[in-house]
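K.L.:
Quick mapping for you: the protein sequence lines, in order, are chains X and V.
In terms of the numbering used here, the first sequence opens at residue 298 and continues consecutively.
In terms of the numbering used here, the second sequence opens at residue 298 and continues consecutively.
Derived from the structure by calculation, the hints contain no laboratory data.
Please note that a few of the clues may not be correct.
It does not matter which identical chain is used: a pair holds within one copy or between any two.
Claimed, not checked - In silico lysine-lysine, DSBU-like type, Cα no more than 35 Å apart, as pairs:
1) Lys665 / Lys377
2) Lys618 / Lys545
3) Lys377 / Lys517
4) Lys500 / Lys377
5) Lys538 / Lys665
6) Lys538 / Lys618
7) Lys517 / Lys618
8) Lys465 / Lys517
9) Lys545 / Lys465
10) Lys517 / Lys709
11) Lys565 / Lys709
12) Lys665 / Lys478
13) Lys709 / Lys545
14) Lys709 / Lys538
The structure presented is a predicted model; accordingly, all values stated were derived computationally and were not measured.
Here is what each chain is made of, one letter per residue.
Number of protein chains: 2
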Amino acid sequence: MNLVSIINIGDELLLGQVVNTNASAMSRMLTASGFDVASVRVVGDDANAIRNAVDFAMSSTDIVLVTGGLGPTKDDITKKLLCEYFGSELVESDVALENVRRIFAVRGFELTPVNRAQALVPRCCEVLNNDLGTAPCMWFEHAGRVLVSLPGVPFEMEWLMQNRVIPKLQDTFHTQTIINKNLLTQGIGESFLSDLIEPWELKLPECIRLAYLPVAGMTKLRLTARGERGAADQLQREVDKAVEGLYKIARQYIVGEDCETLAELVHKTLIGRGLTLATAESCTGGTIASALTAQAGASAYFCGGVVAYSNEVKESALGVKHCTLEAHGAVSEQTAREMVEGVRERLGADLAIATTGIAGPDGGTPEKPVGTVWIAVSSRTRTEAQLLNFPGRRRQQNIDRTVNQAFSMLIKLICQED
Amino acid sequence: MNLVSIINIGDELLLGQVVNTNASAMSRMLTASGFDVASVRVVGDDANAIRNAVDFAMSSTDIVLVTGGLGPTKDDITKKLLCEYFGSELVESDVALENVRRIFAVRGFELTPVNRAQALVPRCCEVLNNDLGTAPCMWFEHAGRVLVSLPGVPFEMEWLMQNRVIPKLQDTFHTQTIINKNLLTQGIGESFLSDLIEPWELKLPECIRLAYLPVAGMTKLRLTARGERGAADQLQREVDKAVEGLYKIARQYIVGEDCETLAELVHKTLIGRGLTLATAESCTGGTIASALTAQAGASAYFCGGVVAYSNEVKESALGVKHCTLEAHGAVSEQTAREMVEGVRERLGADLAIATTGIAGPDGGTPEKPVGTVWIAVSSRTRTEAQLLNFPGRRRQQNIDRTVNQAFSMLIKLICQED
């Protein structure tokens with residue numbers, strides 16, 4: 298097992314102005330590629346703090362990945378420090394300069410001396426080309442260990458990790474073959490799921506590890522198989538067999554495979570089947586539409602939606618009957634059904650989702666406390682509605698759980714139509 | 298200055314399954330209260346790694362805050378290790394047990410031995426009551442330094458930091474008085490803003506520090522004044538004077554004060570003025586509605602919205618004329634104006650926002666490349682439209698910038714009505 302230390306540099310991280318998404322993105326990519334992250338360290342733009350962190354990391358792990366501290370206005374603390382650490386000197390790299398020139402040409406800007414200085418790197422490093430930005434990615438080898446310095450801009454870092462750093466690390470450290478398989482489950486709590494599948498889990502072969510990743514009422518199960526290089530086919534067979542076994546005991550809770558989120562599963566399913574969708578959202582307030590349209594290509598299936606926050610809009614834009622709202626209230630099965638059928642018909646979609654509920658933290662009554670939510674899904678042939686009673690009063694959590702439950706009901710409806 | 302180390306414990310953090318939002322939330326709260334975070338360290342659920350991190354932190358900073366490793370099923374690695382570190386032993390705490398009992402009574406669950414064990418704490422610590430959960434918050438003092446162990450659940454951690462830990466740290470370390478003031482600016486890039494206000498910034502008194510916090514096309518300026526305890530009135534006067542000076546040179550770019558986000562500014566402004574709002578979203582796909590309704594109390598002003606993704610929905614739900622779409626296309630000033638006026642009138646709102654554009658990464662044409670966006674805002678007396686040309690092809694960034702620009706245009710429209 299090859300151990301990795303991550304060091305993220307930036308005052309903005311220590312001040313809490315920016316959430317350190319780089320650490321989790323890097324950890325996820327490394328874990329999926331067969332590396333183990335031993336520690337993450339965040340330090341400010343301060344040479345001493347960086348030096349101490351690098352010293353400790355190089356003495357305790359095989360691989361050290363450093364992000365940040367490379368911008369044109371940041372004094373290049375990191376580069377100078379790496380020169381000193383590896384006993385090298387700054388030189389202009391042809392590869393890096395060519396890349397800076399190319400990016401400035403694309404943007405139509407003049408190359409300034411400040412930007413040209415981005416091509417300076419320690420002589421002893423290898424420059425890995427950064428196709429998306431001007432900051433160089435630098436690879437150092439020292440006493441059998443590797444240190445890589447990457448820019449802190451998340452999309453540049455992610456591209457470099459995926460396309461340059463991880464492939465080179467895999468070559469250098471002859472890592473194992475890794476096969477990952479995701480299964481999304483819904484409608485069962487993590488601990489109940491764990492009890493249900495325990496007999497299956499105990500019989501998993503040693504090469505497969507199982508992880509539970511619960512998010513907003515949905516639990517993702519990830520199987521990770523590890524083996525020697527060249528054993529990919531055999532590992533794949535083991536994984537397939539394990540998945541088959543899981544379906545035998547938990548089929549009713551498995552809503553999809555090979556997706557990170559239920560929004561992605563809905564996206565792929567609707568595109569794959571050529572079906573269109575409309576949404577009518579009250580308590581989720583546009584979050585369902587937003588989650589779907591955040592994905593490129595959503596226009597292939599998403600007609601649109603109505604955020605029907607007030608009762609007037611439920612009537613005028615969705616055709617919910619006034620007497621329904623009077624008799625049953627906005628948070629009711631009847632209203633949810635009229636919302637979902639109204640939006641599907643008015644927008645001419647194959648499928649529709651509707652939500653109406655009390656997200657909290659206030660607004661509940663004794664009969665309908667905070668956390669009471671009705672969800673309805675509808676196709677051209679049937680409409681299904683479901684009542685949820687979330688225990689908590691936290692608004693965002695109740696919204697996110699409603700969104701996931703709605704996506705899961707839609708997937709089930711589509712499967713029933715088959 | 299009192300230096301803080303943060304240690305976040307959890308295998309799920311090192312595997313990248315969870316983004317470490319605790320570190321940034323804690324850093325933000327600490328910075329705003331006069332403490333300086335020197336380092337953040339993430340380690341797995343591993344006694345050796347935790348011990349090393351605690352050792353190093355206790356030797357290099359005055360305050361060490363540890364999150365995680367306290368759950369009922371986690372073996373309580375952290376508690377045992379803290380016993381060993383401080384030479385103490387586990388005892389049942391009356392305060393912690395009473396809290397566990399109270400929470401189980403509220404939830405109507407039976408108290409199990411596993412849960413009762415949550416009340417075990419090292420004898421030498423003081424238990425700070427956790428009103429929101431069963432995991433105890435433990436305060437240790439040792440050789441003039443403080444270590445606090447908190448649960449890793451974000452909402453419990455945040456409540457404890459705000460209500461228990463920071464007040465006690467302020468008492469213990471006699472921290473300075475801190476006054477923070479936020480100003481939201483829009484419509485000017487960070488570097489141009491920096492050039493514009495440089496003369497003002499250079500004349501700021503020594504007690505005031507300025508920070509630039511750019512997010513999705515909006516830049517938040519934060520003034521932080523620090524001084525002796527008891528100097529609050531004088532500091533406030535200095536801050537007021539600085540803010541007044543800033544308005545003199547940058548009034549046109551300042552859209553609001555004392556809010557963290559533009560969505561919060563819109564929320565407070567509309568509630569304060571008793572105005573209602575409707576939205577018609579194409580390229581933002583419900584993100585504007587979602588951002589507003591994520592805030593409790595949005596029903597006071599938000600009537601609802603239409604996510605008009607297809608041209609058919611723009612016509613049927615918003616009343617955009619077929620000939621307008623034919624002649625000018627969906628991404629045009631004319632369409633944006635008809636969308637915003639259509640939704641305002643149909644939903645009977647005082648104000649409306651509309652967006653239509655090409656978020657990317659694909660879908661552009663030579664005349665309307667990716668990043669072309671029209672935004673319109675409308676009141677009962679006027680409608681304004683604006684064209685944006687975002688340079689990048691990244692979908693989420695273009696959506697987020699459009700949302701912020703739309704909020705800022707709405708705020709300006711409201712101010713013009715005064």
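K.L.:
Run every hint past the structure and note whether it holds.
P.N.:
Verification of the hints:
1. For the homomeric pair Lys665 and Lys377, neither the shortest alpha-carbon distance inside one copy (63 Å) nor that between copies (44 Å) is at most 35 Å.
2. In this assembly of identical chains, the alpha carbons of Lys618 and Lys545 never lie at most 35 Å apart, being 44 Å within a copy and 54 Å across copies at closest.
3. Taking the shortest alpha-carbon separations for Lys377 and Lys517, only the inter-copy value of 31 Å comes in at or below 35 Å, while the best intra-copy value is 43 Å.
4. In the homo-oligomer, the alpha carbons of Lys500 and Lys377 lie at most 35 Å apart only across protomers (32 Å), although the nearest pairing inside one protomer, at 53 Å, exceeds that limit.
5. Taking the shortest Cα distances, Lys538 and Lys665 never come within 35 Å of each other, neither inside one copy (46 Å) nor across copies (50 Å).
6. Proximity of Lys538 to Lys618 under the C-alpha cut-off of 35 Å is found in neither arrangement, the shortest distances being 52 Å within a copy and 57 Å between copies.
7. Taking the shortest alpha-carbon separations for Lys517 and Lys618, neither the intra-copy value of 39 Å nor the inter-copy value of 45 Å comes in at or below 35 Å.
8. With identical chains, the CA atoms of Lys465 and Lys517 are at most 35 Å apart within one copy only, with a shortest distance of 29 Å there and 40 Å across copies.
9. Taking the closest pair of Cα atoms, Lys545 and Lys465 never come within 35 Å of each other, the shortest separation being 40 Å inside a single copy and 54 Å across copies.
10. Proximity of Lys517 and Lys709 under a CA criterion of 35 Å is satisfied intra-copy only: 17 Å inside one chain copy versus 44 Å between copies.
11. In this homomeric assembly, Lys565 and Lys709 come within 35 Å of each other (Cα to Cα) only inside a single copy, at 14 Å, whereas the closest approach across copies is 40 Å.
12. Proximity of Lys665 to Lys478 under the C-alpha cut-off of 35 Å is found in neither arrangement, the shortest distances being 40 Å within a copy and 40 Å between copies.
13. With identical chains, the CA atoms of Lys709 and Lys545 are at most 35 Å apart within one copy only, with a shortest distance of 18 Å there and 59 Å across copies.
14. Taking identical chains as interchangeable, the C-alpha atoms of Lys709 and Lys538 lie at most 35 Å apart only when both belong to the same chain, with a minimum of 24 Å there against 61 Å between chains.
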